[in-house]
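Enquirer: These are the residues of each chain, in order.
Number of protein chains: 2
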Amino acid sequence: MRWLLSIHRGLYTLGSRPAGKARTIASRCRFCGTLSASKPQPQPRFGLLFDIDGVLVRGRMPIPAARKAFEKLIDSRGQFVVPVVFVTNAGNCLRQTKADQLSHILGVPITQDQVIMSHSPLRMFKKFHEKCVLVSGQGPVLEIAKNLGFKNVISIDMLRESFPLLDMVDHNRRPKLPSNPVSNLPVVEGVMLFGEPIRWETNLQLIVDVLLTNGNLSSPHNTQAMPHLPLLACNMDLMWMAEAHSPRFGHGTFLVCLENIYKKITGKELKYEALMGKPSELTYHFAEYLIRSQAMQRQWKNPITSLYAIGDNLMTDIYGANLYSRYLEERTSRKNPKAMIAKVAAATGSNAAVPQEEEIDNMRESELALPSATSCKSVLVCTGVYNPNAEVPSDASRCLKQTVFHGHRDFRFDPDLVEPDHVVQDVNEAVDLIFKQENFVPE
Amino acid sequence: MRWLLSIHRGLYTLGSRPAGKARTIASRCRFCGTLSASKPQPQPRFGLLFDIDGVLVRGRMPIPAARKAFEKLIDSRGQFVVPVVFVTNAGNCLRQTKADQLSHILGVPITQDQVIMSHSPLRMFKKFHEKCVLVSGQGPVLEIAKNLGFKNVISIDMLRESFPLLDMVDHNRRPKLPSNPVSNLPVVEGVMLFGEPIRWETNLQLIVDVLLTNGNLSSPHNTQAMPHLPLLACNMDLMWMAEAHSPRFGHGTFLVCLENIYKKITGKELKYEALMGKPSELTYHFAEYLIRSQAMQRQWKNPITSLYAIGDNLMTDIYGANLYSRYLEERTSRKNPKAMIAKVAAATGSNAAVPQEEEIDNMRESELALPSATSCKSVLVCTGVYNPNAEVPSDASRCLKQTVFHGHRDFRFDPDLVEPDHVVQDVNEAVDLIFKQENFVPE
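Note that the protein sequences, when read in sequence, are chains X and E.
Numbering-wise, my numbering puts 196 at position 189 of the first sequence, and it's gapless, one number per residue.
Numbering-wise, my numbering puts 180 at position 173 of the second sequence, and it's gapless, one number per residue.
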């Protein structure tokens, strides 16, 4: 049984639980093997969800408040004093890679089990794992897909090589001689959009080609063919905050292009089988589950009843936390998960944003669908994409008319959902506030 | 006085008109200098406007019917028997380059004065010629802009180099070290979109940045700043036909992305100062003027009263020819150019599609605004983007509801304007049909 995350000289291991030692915090040195006991820590009843970009880093630069905040979250043995997960909409690397980056930036050891990326829920979509799926993004997309359980994945570059006449925008990359498609590629059965690719014209053209040929690029377009192939998209962030003055394009901007080109060509709406990443409620289910798992590992007996989500983006972090909190509150009051999820679906304006019935059933079988949390508070920081000088007007009807909705097309603008529970300057202030709210005083 | 285009052994020169020889066709050999007289050609009362992609070529491959058609258009001395212009929405090269390509493909000599590219009307926009203008496209965009009269042009790449923190989509092109903008670039005062660029994410990001900072990239975004900087766009083609089975993305698809990203971020419509290229009426004005000039050069006394526009695209070639024909017909009946142009503007749903009042006045001063043509017939070929199996329904109300409009956002769908006067298989059949309609029998 794994029970304890211990650290010594910057290295950490998982030890075995000695019988009858549940309430004693101990750490085992990886080098000398000795166990040291110390006075018990207060046991938390809450867990923390941290966004990364705009909260902990901006581009490659750490935000100074992040290190200060994490000093408070780690005890003298290098262990977290509360359950902590990192929920990012980034999707262009493996969880382990992101965990390593965070360990380096924050100066504390982070494991991949503390990281939720926008593509993490794709593990659940087992019905696609054996199918031939086209994947779009940058970074090691084939490796990420295989890591998630997909057995038969092809990339945009593989399509380009097999069908050289399709990608014609860049004059210098057009085939120099007439060429016919020579392909052993199977027919594509689904499309996964992990994150923003490079050379958008190439991915947009080939994804549209795949959708309009029902996955067989040897055929001409058929704009009448409906429904199109299943489309799974991760990360809806329209923009994100890097070092520049103003936000930069994210995957949501790529989706705006894809949705509008598809609509212009076919006259019909592009439909998503699923939309993952914040503010999708699926992502918060995972986060809650991982937080509960950490508490179990640490043998904290108190249930984790409160979650705090700290982020810089009204349309993803705040909207997502509030949407999930609405779900938790209704669950607590009604004890009827299916009806309640349907209600959340109505709020999002789309089925794609929430798990389908089959997936809800799958989740109920697992621990996932049984959250111990009853609320998820949203905490907005001002170190990222949020501009305190351009606040959302308090009057709802004015909001709907005047505020520009930077959320995804399939999420309805609801003024209540973009209203943070707390606004603080930075992540360090956020941790102070939460400790105060919870009357939590670490050793 | 220049009067004659003559050809001998594939080389052609302009000669001086011998007094009293107006009705005698003569050619001067470039090598031996001898003049040879022959029987008079019939004098045409019509001119031809050829689209290029999908009519004369598909990608790099000539369409066989094109050479056959041009054999009929050239007399034994290598001279055109009717005025001919090539009207292309391509915008990524100089007119001379396009003329050289056509000479090679068709086996007949084409001069740059026979070529209208989508950016050609920018010569008229003199109020921008001294301003600092950002130009987007691929190919020699700075050279093209300078050739059109612009004195102070900067490229997207120049912006990227000066502001390295702005273009963040491609992880591998992000600056490796923190960097501050170091720029001697002037404030941008206008944006010109010549044609589809490569790396759409880069151009989309930087164009949006320029629009939202009022041309000063050192400033943060101001999404309230309206109106945005003047935006001039050439070539609205959503798609075009290359070698592949199905149409490929054109500059119109890039504009769909730009318009929708701008709207998503600001909540407001992107506005064009001018839209050039087919189906814009500005482009047909130029074409008519060049055709008239050719007739004058050849000293054909009959006015050119009929134009025929041969194209493969309902939304550009047919729509544009019919829109211009409507203009010519109303002009003939009302003799009131300003009122008539206003009426055409109403049909397009935008002022951007037609010249502004100042430009109309400029044109009236020149020969441009005095067309001799009274009609422009549209001839659709089936060798390009048009699919005869997906015809426009004849019933207008059904059209508006069911047909997908592939024209630009600022051009209203009008079923009458996408109805060709003639449909033929290819350009060779088109020339046969026109000769028959005009009772024209070349020597």
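Hints are supplied without guarantee of correctness; some may be wrong.
Stated by the list, open to error - With a Cα cut of at most 30 Å, we get these calculated DSSO-like pairs of lysine-lysine:
1) X:K278 with E:K270
2) E:K183 with X:K275
3) E:K270 with X:K275
As the list claims (entries may be wrong) - Derived contacts from chain E toward chain X, CB cut-off under 8 Å, selection only:
4) A72
5) R206
6) D216
7) P227
8) N267
Everything labelled a hint here was simulated from the structure, so no lab data went into it.
Just so it is clear, CB atoms sit at the ideal spot from N, CA and C, and this is done for glycine as well.
Enquirer: Give a verdict on every hint.
Expert: Checked hints:
Restraint check: the Cα-Cα separation between K278 of chain X and K270 of chain E comes to about 21 Å, which is no more than 30 Å; the hinted pair holds. Restraint check for K183 of chain E and K275 of chain X: the C-alpha separation of about 42 Å exceeds 30 Å, so the hint is violated. About 19 Å separates the Cα atoms of K270 of chain E and K275 of chain X, which keeps this hinted pair within 30 Å; it holds. The restraint placing A72 of chain E at the interface with chain X is violated, with a minimum CB-CB distance near 18 Å, outside the 8 Å limit.
Satisfaction of the interface hint for R206 of chain E is found here, the shortest Cβ-Cβ separation to chain X being roughly 6 Å, below the 8 Å cut-off. Annotation: D216 of chain E was flagged as interfacial toward chain X, and the flag holds, the nearest CB pair being 7 Å apart, inside 8 Å. For P227 of chain E, the interface hint holds, the least distance from its beta-carbon to any beta-carbon of chain X being 4 Å, beneath 8 Å. This hint holds: N267 of chain E has a C-beta 4 Å from the nearest C-beta of chain X, less than the 8 Å allowed.
Of the numbered hints given earlier, the model fails hints 2 and 4; all others are met.
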